[in-house]
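Order-wise, the sequence lines are chains L and C. So the first sequence is numbered by the numbering used here: it starts at 28 and just counts up by one. So the second sequence is numbered by the numbering used here: it starts at 46 and just counts up by one.
Heads up, a few of these hints could be off.
[Unchecked claim] So the derived label-pair ranges between C-beta atoms look like this:
#1 Glu-37(L) <-> Tyr-55(C): 23 to 31 Å
#2 Asp-63(C) <-> Arg-137(L): 31 to 39 Å
#3 Arg-137(L) <-> His-122(C): 29 to 37 Å
#4 Gln-110(L) <-> Asp-63(C): 40 to 48 Å
#5 Thr-104(C) <-> Lys-97(L): 27 to 35 Å
#6 Lys-82(L) <-> Gly-129(C): 35 to 43 Å
#7 Ile-141(L) <-> Asp-75(C): 41 to 49 Å
#8 Lys-97(L) <-> Leu-155(C): 44 to 52 Å
#9 Thr-30(L) <-> Ile-100(C): 41 to 49 Å
Please keep in mind that the hints were generated in silico from the structure rather than gathered at the bench. Predicted model, so just to flag it, every value in this text is computed and none were measured. By construction, the Cβ of each residue, glycine as well, lies at the ideal position given by its N, Cα and C atoms.
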Amino acid sequence: AQTVTQSQPEMSVQEAETVTLSCTYDTSESDYYLFWYKQPPSRQMILVIRQEAYKQQNATENRFSVNFQKAAKSFSLKISDSQLGDAAMYFCAYRLGSGNTPLVFGKGTRLSVIA
Amino acid sequence: DTAVSQTPKYLVTQMGNDKSIKCEQNLGHDTMYWYKQDSKKFLKIMFSYNNKELIINETVPNRFSPKSPDKAHLNLHINSLELGDSAVYFCASSLINTQYFGPGTRLTVL
Numbered sequence: 028a029q030t031v032t033q034s035q036p037e038m039s040v041q042e043a044e045t046v047t048l049s050c051t052y053d054t055s056e057s058d059y060y061l062f063w064y065k066q067p068p069s070r071q072m073i074l075v076i077r078q079e080a081y082k083q084q085n086a087t088e089n090r091f092s093v094n095f096q097k098a099a100k101s102f103s104l105k106i107s108d109s110q111l112g113d114a115a116m117y118f119c120a121y122r123l124g125s126g127n128t129p130l131v132f133g134k135g136t137r138l139s140v141i142a
Numbered sequence: 046d047t048a049v050s051q052t053p054k055y056l057v058t059q060m061g062n063d064k065s066i067k068c069e070q071n072l073g074h075d076t077m078y079w080y081k082q083d084s085k086k087f088l089k090i091m092f093s094y095n096n097k098e099l100i101i102n103e104t105v106p107n108r109f110s111p112k113s114p115d116k117a118h119l120n121l122h123i124n125s126l127e128l129g130d131s132a133v134y135f136c137a138s139s140l141i142n143t144q145y146f147g148p149g150t151r152l153t154v155l
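With the sequences and hints as input, model every part of the structure.
Dropping the structure here:
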């Protein structure tokens with residue numbers, strides 16, 4: 028079974044600084060997708076970034092980028108120029124590539140942004 | 046223009062009652078899901094439907110029964126509610142690769 032591990036229950040970052048959230052996963056499959064979702068206090072699940080396993084290039088979305096290390100099964104999220112609105116729970120998730128399979132989530136990392 | 050909507054957003058009820066949560070998506074997606082987020086924020090899949098047909102049913106008590114009247118709707122009915130059912134329930138939908146979530150329903154069982 029696939030598992031996703033987020034080893035940092037809580038992180039904090041100063042406003043305008045950079046922070047990296049860690050995620051590792053375990054799978055024997057070669058075709059899969061990885062995601063980071065943000066859950067602010069409003070509890071809405073917001074897609075931050077997506078990475079296809081077959082792509083070597085790391086995904087980026089504005090201030091958000093990932094470091095995808097397929098051999099190490101690592102998928103970390105870097106947030107640059109942190110803003111107060113980035114404060115939220117961040118969930119790393121895995122999905123098997125074939126069909127509309129469900130997401131397998133990590134336990135989340137709570138990010139605080141200090142003004 | 047809400048893509049995935051759920052009603053109600055909050056539900057408070059007594060143990061033993063039966064309740065339903067409705068989900069609708071206007072994205073034209075084929076597949077819909079129900080996830081449960083427990084008090085420790087852990088999210089886990091409950092059910093998955095593709096074109097109104099059940100394709101995934103995780104180890105969920107049979108008091109939980111999903112119903113998909115059409116491709117755009119996936120409702121969750123819960124019988125004989127228990128204290129442990131208190132959680133946030135998320136509906137989601139996807140077409141190919143990415144899932145989009147509804148706002149969640151916080152269920153509190155007293």
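Hints, verified against the model:
The hinted range of 23 to 31 Å is satisfied by Glu-37(L) and Tyr-55(C), whose Cβ atoms lie roughly 27 Å apart. A beta carbon spacing of about 35 Å between Asp-63(C) and Arg-137(L) agrees with the range 31 to 39 Å that was offered as a hint. As the Cβ distance of Arg-137(L) to His-122(C) is approximately 33 Å, the hint placing it in 29 to 37 Å holds. Taking the beta carbon of each, Gln-110(L) and Asp-63(C) are about 44 Å apart, inside 40 to 48 Å as hinted.
For the pair Thr-104(C) and Lys-97(L), the beta carbons lie near 30 Å from each other, so the given range of 27 to 35 Å is met. Take Lys-82(L) and Gly-129(C): their Cβ atoms lie about 41 Å apart, and the range 35 to 43 Å holds. Hint check: Ile-141(L) to Asp-75(C), Cβ distance near 43 Å, so the stated range 41 to 49 Å holds. A hinted range of 44 to 52 Å holds for the C-beta pair Lys-97(L) and Leu-155(C), which are about 47 Å apart.
The hint said 41 to 49 Å for the Cβ distance between Thr-30(L) and Ile-100(C), and at roughly 22 Å that hint is violated.
Violated hint: 9 only; the structure is consistent with all others.
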